[in-house]
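Novice: Now for the letters of each chain:
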Amino acid sequence: MTGSPNVSRRMLLGTALSAGAASMWATPTSLQAQSGGAVNFTAWSAAVDQVKSHISAFENASKLKVNYENFPWAQYRTSVVTRLVGNAPMDVLWISDAWLPEFAEAQWLANIDDIPELMKYNADAAPYCTQSMTYKGKQYGLSYYGDHMSFVYNTDILQRAGIDKPPATWDEVVRASLKIKQAGTVEYPLLLALGIDTWLVEFMSAMVFSNGGRFVDPQGAPLMAEPGRGAIETAAWIRDAIHTHKIVSPGAVETPEINSLKAFGAGQHAFYVSPTYRLRALNDPSQAAAAGKIRPALMPRGPKATASATCGWIRFYGMTPSAKANAARRANAAKFMEFFGGKDDSGTYRFQKLLVTDLGLPFCTMPLAADPDVKAFWDKWAGGGDVIAQQASSALKKDVIAPWFGEWNESASPAWQSVFLNKATPEAAMRAMATKWNELRKG
Amino acid sequence: MSTVSVSALDRLGRRFGYDERSAAVLIFPVFIVLLAVAIFPIVYSFYTSLFDINLTRPWRRPFVGFDNYLRIFADPNFWVAVQRTTVYTVVTVSVTTVLAVAVALLLNEAFPGRRLLAALVLLPWATPSIVNGLMWKWIYNPGYGLLNGLLVQIGLLDRYKVWLGDPDLTIFMIANAAVWKQMPLAAILILVTMKAIPEDLYKAAKVDGANVFRRFWHVTLPALKPGLMLVLVYETMISIRHFDLFLIMTQGGPGDASYTLSWQIFVETFRNLKFGIGAALSYILALATFGLSYVFIRALGSKL
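Read top to bottom, the protein sequences are chains G and Z.
Positions 0 to 442 (numbering that gives the first Met the number 0) are the ones given, in order, by the first sequence.
Positions 0 to 303 (numbering that gives the first Met the number 0) are the ones given, in order, by the second sequence.
Since the hints were derived computationally from the structure, they do not count as laboratory data.
Don't be surprised by glycine CBs; every beta carbon is placed ideally from N, CA and C.
Hints may be right or wrong, so weigh each one.
[To be verified] In the SDA-like style, the derived pairs of lysine to any residue whose C-alpha atoms are separated by at most 25 Å in a straight line are:
no.	chain 1	residue 1	chain 2	residue 2
1	Z	Lys224	Z	Met236
2	G	Lys137	Z	Ile138
3	G	Lys342	G	Asp123
4	G	Lys422	Z	Met236
5	G	Lys245	Z	Ile138
6	G	Lys441	Z	Lys224
7	G	Lys422	Z	Gln82
8	G	Lys334	G	Ser345
9	G	Lys245	Z	Lys224
10	Z	Lys136	G	Glu186
11	Z	Lys224	Z	Asp243
12	G	Lys422	G	Thr197
[Unchecked claim] Over 10 Å on every C-beta distance to chain G, these chain Z residues come out as not near it, computed from the model:
no.	residue
13	Arg13
14	Phe27
15	Val29
16	Leu54
17	Phe65
18	Ala101
19	Ile187
20	Glu198
21	Arg240
22	Phe289
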């Protein structure tokens, strides 16, 4: 017993020394990850093959190492936030426009206004893309891709019902759908993915914008609960499409975007609102029975709309403040962002072109629309790119993007659904959304 | 200091025998593990629940005392979640228990193939929860689901129904999927209790002229109380905290039809990233679970 304190001290010292040695051994790895010799790139699990091949090209060209990690889209925001809070080594990351205000306010993103080698690409970018990367007058990234909601139709079903052109207004959608329904071709001609899903806000924004409406005014005050501003009318239109006209399946409320894609690809519906990048899959015979018959049309207009507006969104490359604060890391991160989001030595947007021609992912960089390979791609997979380009030009940024967007959206989705289920009036649901918006806006 | 410590050790040594001290030494590592993986998280999550922590606003972390709890009780969503959780728990526990007793009664009889049937009955319990959720989601599918196909074919439905998209049905459809998975274990637990009932009691009841129903009511059921208590406590604890089926099948929808307490905890913690509110909600749920378990034990325990 008397000797035990000495032994304990020796053990304690030994343990402390071992721990110290272990930490010294472990330190170089984390230091290396944070140092100027590598670029730490975080993305969600999309276009993984294309990203990896382009990373190899970057590593060869720059002699820099890229530490690439990706997370599934559904867990991406949470994963990135926890990593940022935990000061994990991150230099460049993919960001959704929906998270920009939240990330910028939390100082997890650095603005790139003072990095001219990145800012110069604004000259080629579609205006809504640049707007979507800008918060409080500062720009926070370079585009990865930009897309919009498209109204697509099945040419075969329309022909069989004797309809020679796609509807141009939502009233025409109802009439055409009823005609298709009466012809006995399909039970529910219009397919809408109204399940609780990250895409729901994009679907609803596209429909509200196409009705000439907005959710909030430019100062951020909610318009959604005001009659005649688009949101109430859109909700009522969808409710009637389900319960009165029966042209949309009541199962739409449990249909997420990915399931709706499969159903439309199977040729079970005539009309569909879809992200444009899905056209490639919808017209691929190995993925869809209706391949070759799916074509985009301009988004139908509501009674008060003057143009076929839709909802556009972008994903972009952002730089972390810790990377920007270190001269070497900042230079490497900028080099990486330019290699992926900018032009190569031959003046081509190489990676963005690869994303279009491999995956059908639309872009923010307007000169690509004239590229012969891109044109050939749209000819093959969408029957031409004119409608897509025209629709892209009238795409509007989601107006509900704010630092509290995520939390508002959590309460907005059930509110939308309560209308679609005929459990609440459009007015009551929109009032609830506006109340939540104001509550969050006040902080 | 060293003298004092040695004296204290001596006193402890005199007070506790060799066996007690050996046991303490052997238990100590486990105690440390429990401290790290159970006690510390419980205490720390309570501490977290007293702060307004939002990961997306990392620059602020004010101490708010019990404000998070007050905000939760003032939130209408919480009371919706309480209602949904109560309905789900009552339906799941009661149906599971009744079916488990019925299946245990069947398996307690001697008939050819009984062992095979017992093994088959256990299969759903062995199915992973995620697979169970996906399977039932397919079965309920409004376009190609097995349930619709079956009911239309036998003439009980004239057209396919949207089971999970109907807010009046959703919670019951999820409860059905839960019962399918949870019932087998409950049946086996009750069967074990049933096997321990002395055969003499049934013989005596028969001599007294009791029919099969009276024998069940006066002999089997009272003797099953230990097993029933175990099943009720276990199933309540499982059901009240159920999450995976809600995540896979409905995501809390349609509307707020399956917005339960565990779903609210998930949304507040992992989507809104409000760890303070999430921790407070978890504590409320844990206390509710503890309270219910205590009520069951008090109600049935005295009769064990």
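Novice: Against each hint, give a clear statement of whether it holds in the structure.
Specialist: Here is what the structure says about each hint:
1. Lys224(Z) / Met236(Z): 18 Å, holds
2. Lys137(G) / Ile138(Z): Not satisfied, since the Cα-Cα distance of roughly 50 Å exceeds 25 Å.
3. Lys342(G) / Asp123(G): With Cα atoms ~11 Å apart, Lys342(G) and Asp123(G) stay inside 25 Å; holds.
4. Lys422(G) / Met236(Z): Given that 25 Å is the threshold and the Cα spacing comes to 32 Å, the pair is violated.
5. Lys245(G) / Ile138(Z): 24 Å, holds
6. Lys441(G) / Lys224(Z): 55 Å, violated
7. Lys422(G) / Gln82(Z): 17 Å, holds
8. Lys334(G) / Ser345(G): 16 Å, holds
9. Lys245(G) / Lys224(Z): Violated - the C-alpha atoms of Lys224(Z) and Lys245(G) are around 53 Å apart, more than 25 Å.
10. Lys136(Z) / Glu186(G): Given pair Lys136(Z), Glu186(G) holds - Cα atoms ~22 Å apart, limit 25 Å.
11. Lys224(Z) / Asp243(Z): Violated - the C-alpha atoms of Asp243(Z) and Lys224(Z) are around 30 Å apart, more than 25 Å.
12. Lys422(G) / Thr197(G): 22 Å, holds
13. Arg13: About 13 Å separates Arg13(Z) from the closest Cβ of chain G, which puts it past 10 Å; holds.
14. Phe27: 14 Å, holds
15. Val29: 20 Å, holds
16. Leu54: 5 Å, violated
17. Phe65: Correct as stated: the minimum Cβ-Cβ distance to chain G is 21 Å, above 10 Å.
18. Ala101: Nearest chain G Cβ is 32 Å from Ala101(Z), so the label holds.
19. Ile187: Its Cβ never comes within 10 Å of chain G, the nearest being 34 Å, so this holds.
20. Glu198: The assertion about Glu198(Z) holds, with a minimum of 52 Å to chain G.
21. Arg240: 21 Å, holds
22. Phe289: 28 Å, holds
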